[in-house]
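Given the structure of chain X, go ahead and fit chain Y onto it with the hints provided.
Heads up: the protein sequence lines correspond to chains X and Y, in order. For the first sequence, the positions run 4 to 310 when the numbering used here is used. For the second sequence, the positions run 4 to 310 when the numbering used here is used.
Hints are supplied without guarantee of correctness; some may be wrong.
Here are some, though not all, of the chain X residues that point toward chain Y, as calculated from beta-carbon distances under 7 Å [stated by the list, open to error]:
(1) H208
(2) L221
(3) M247
(4) V290
(5) L294
(6) A304
Subject to a maximum C-alpha distance of 20 Å in a straight line, what follows is the list of computed SDA-like cross-link-like pairs (lysine to any residue) [unchecked claim]:
(7) K230(Y) / E72(Y)
(8) K230(X) / P293(Y)
(9) K230(Y) / E162(Y)
(10) K230(X) / D179(X)
(11) K230(Y) / P293(X)
(12) K230(Y) / G255(Y)
These are calculated hints, taken from the structure and not from any lab test. Ideal Cβ positions, reconstructed from N, Cα and C, are used throughout, including at glycine.
2 protein chains.
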Amino acid sequence: MSVSRVCIVGGGVIGSLLAGHLAQVCEVSVIKRRREHADALNAEGLRVTGKSELHARVQAAADTRGLPEPDLVIVSTKAAGLRGAAQALEGHFPEATVMTVLNGLGAEEIVREHGDWQLVSAVTFMSGTKHSDTEVEYILDTETWLGPYEDTPFARAREIADAIVASGLKAEALEDVRPAQWSKLIFNAAVNPVAALTGLPHDPHFAAEDDPADLGHLVHGLVDEGKAVARAAGIELHDDPWEMNVLATRRGSAHYPSMLEDVDAHRPTEIELITGSVVREAARHGVAAPLHTALYALVTAKESSWS
Amino acid sequence: MSVSRVCIVGGGVIGSLLAGHLAQVCEVSVIKRRREHADALNAEGLRVTGKSELHARVQAAADTRGLPEPDLVIVSTKAAGLRGAAQALEGHFPEATVMTVLNGLGAEEIVREHGDWQLVSAVTFMSGTKHSDTEVEYILDTETWLGPYEDTPFARAREIADAIVASGLKAEALEDVRPAQWSKLIFNAAVNPVAALTGLPHDPHFAAEDDPADLGHLVHGLVDEGKAVARAAGIELHDDPWEMNVLATRRGSAHYPSMLEDVDAHRPTEIELITGSVVREAARHGVAAPLHTALYALVTAKESSWS
Chain X
4 MSVSRVCIVG
14 GGVIGSLLAG
24 HLAQVCEVSV
34 IKRRREHADA
44 LNAEGLRVTG
54 KSELHARVQA
64 AADTRGLPEP
74 DLVIVSTKAA
84 GLRGAAQALE
94 GHFPEATVMT
104 VLNGLGAEEI
114 VREHGDWQLV
124 SAVTFMSGTK
134 HSDTEVEYIL
144 DTETWLGPYE
154 DTPFARAREI
164 ADAIVASGLK
174 AEALEDVRPA
184 QWSKLIFNAA
194 VNPVAALTGL
204 PHDPHFAAED
214 DPADLGHLVH
224 GLVDEGKAVA
234 RAAGIELHDD
244 PWEMNVLATR
254 RGSAHYPSML
264 EDVDAHRPTE
274 IELITGSVVR
284 EAARHGVAAP
294 LHTALYALVT
304 AKESSWS
Chain Y
4 MSVSRVCIVG
14 GGVIGSLLAG
24 HLAQVCEVSV
34 IKRRREHADA
44 LNAEGLRVTG
54 KSELHARVQA
64 AADTRGLPEP
74 DLVIVSTKAA
84 GLRGAAQALE
94 GHFPEATVMT
104 VLNGLGAEEI
114 VREHGDWQLV
124 SAVTFMSGTK
134 HSDTEVEYIL
144 DTETWLGPYE
154 DTPFARAREI
164 ADAIVASGLK
174 AEALEDVRPA
184 QWSKLIFNAA
194 VNPVAALTGL
204 PHDPHFAAED
214 DPADLGHLVH
224 GLVDEGKAVA
234 RAAGIELHDD
244 PWEMNVLATR
254 RGSAHYPSML
264 EDVDAHRPTE
274 IELITGSVVR
284 EAARHGVAAP
294 LHTALYALVT
304 AKESSWS
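One chain only, chain X, in its complex shape (with noise of 0.2 Å):
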């Protein structure tokens, strides 16, 4: 089995980078949420621009009929769609690998519950920018990484990490993807709410130390409340969350967390993948998490103001 046909749910920037990418060695397929959305990928095809300039030819849909039986399909849906996504695949392409991109922990579980496709789990810190339904901007060129989740053997991981290097993308086939995930999640877990709560994008402030009031305390007590959670865990880190904000927060333009998107339009964050999985993960393994817990009870409410 190889990757020769690649069908991609979820029409965010990741999603969009990986179809522009893929279909250039791959076919690709994407199923978007919105008619109106697929319509316009069939008519004008995929542009992605910035640190790469494709034009990609994909064929889009609302839901699987029609669409070729892929072998890999990618599930890249922010956390308030992926369970509709593993709804409008339950009982399709059973042969594919089943792959999700999705910020926190718990994507692949919720897959799970809906088929027993092969899975391999995906985090990845590329980002970029949607200007319209048929063009993304390609930003940060940094890497995905991908392994076999339960019992998928690692050759299928490599094979799909080489077909995404091969189509111009940065990865990494890993044998165990957690402690990558886990560095991701604690640097969102630190850095998103803060940001959908203070209004801030993710700026110099993330990283100031100096005053007492600086907000790099905050962000760093819940880096290391993180730390914790993920030792009882029994996770090492593949890199460490505090040096990837400050780093982050040096790149010059600041970075606007989705989070804070999401709460300036009012739309369900990602707080349950993300600070719900470090709470639940310190309840499971008996580590205190206030600040965590803090900031997920913050947005939660903050999420009932507008509803």
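Chain Y only, in chain X's frame:
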């Protein structure tokens, strides 16, 4: 010395309720930051509706010039206006008692930096709504407590309380007002930043403790931290802030805390005098206050997001 001429600095709800009532039994002048506000009051007087129905004549000005020498000055600005008010009084009215009615701790010290007036500390639980520069609605007819600051004789606090009671408001002089001041401080520090960050008015979410993500756990944690700080500072609280919170959320219509109004309007909040006071007192007495420290950083960062 008695209370026959009162000058009120600060044109918010509390200053307006005090001015409207005290004008029934004393001569009242008011200092307003905005000249048009002063002009409107001189032309139309001040109307109180709700729990009282009054119309008061007051003499209004934008500074102390031309105002009669008062025997009592009441400073009831918001935190952001306190330094300006104290500066405007500097060098004036040396015989007057100055009474501060602000949230948080430390207003007296700031006034003291600008003159050696006799000082009285007050904390009020009454509330209302300003409908215009010349009309205020009296909603919660709860008490104002006041007591001597430094070497002010208790008899002077009692004279002021008597005048306020004679004017139709509820007031009580206490030998030591700090237990009441701290009760309100801890209540405000547990409620106001949470409202400011979540966008929720002070509603039943703040007392909910059923589900693990419920906001009441955070509010309760903040109250418990605040009580530990009070204990370390040798303060025996006048009221239990958690009970104050539960009672207030059961009043029917949810109160919209001024810190949430400030955030909505992108104005500086009272975070420094409220949560900042708790954090500083915790540090002074060697008590941990991680939740207050987190909210202090979040609200301070939120202010910086719009500056």
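Status of each hint after checking the structure:
no. : hint              : result
1   : H208              : holds (6 Å)
2   : L221              : holds (4 Å)
3   : M247              : violated (19 Å)
4   : V290              : violated (15 Å)
5   : L294              : holds (6 Å)
6   : A304              : holds (4 Å)
7   : K230(Y) / E72(Y)  : violated (41 Å)
8   : K230(X) / P293(Y) : holds (18 Å)
9   : K230(Y) / E162(Y) : violated (32 Å)
10  : K230(X) / D179(X) : holds (18 Å)
11  : K230(Y) / P293(X) : holds (18 Å)
12  : K230(Y) / G255(Y) : violated (27 Å)
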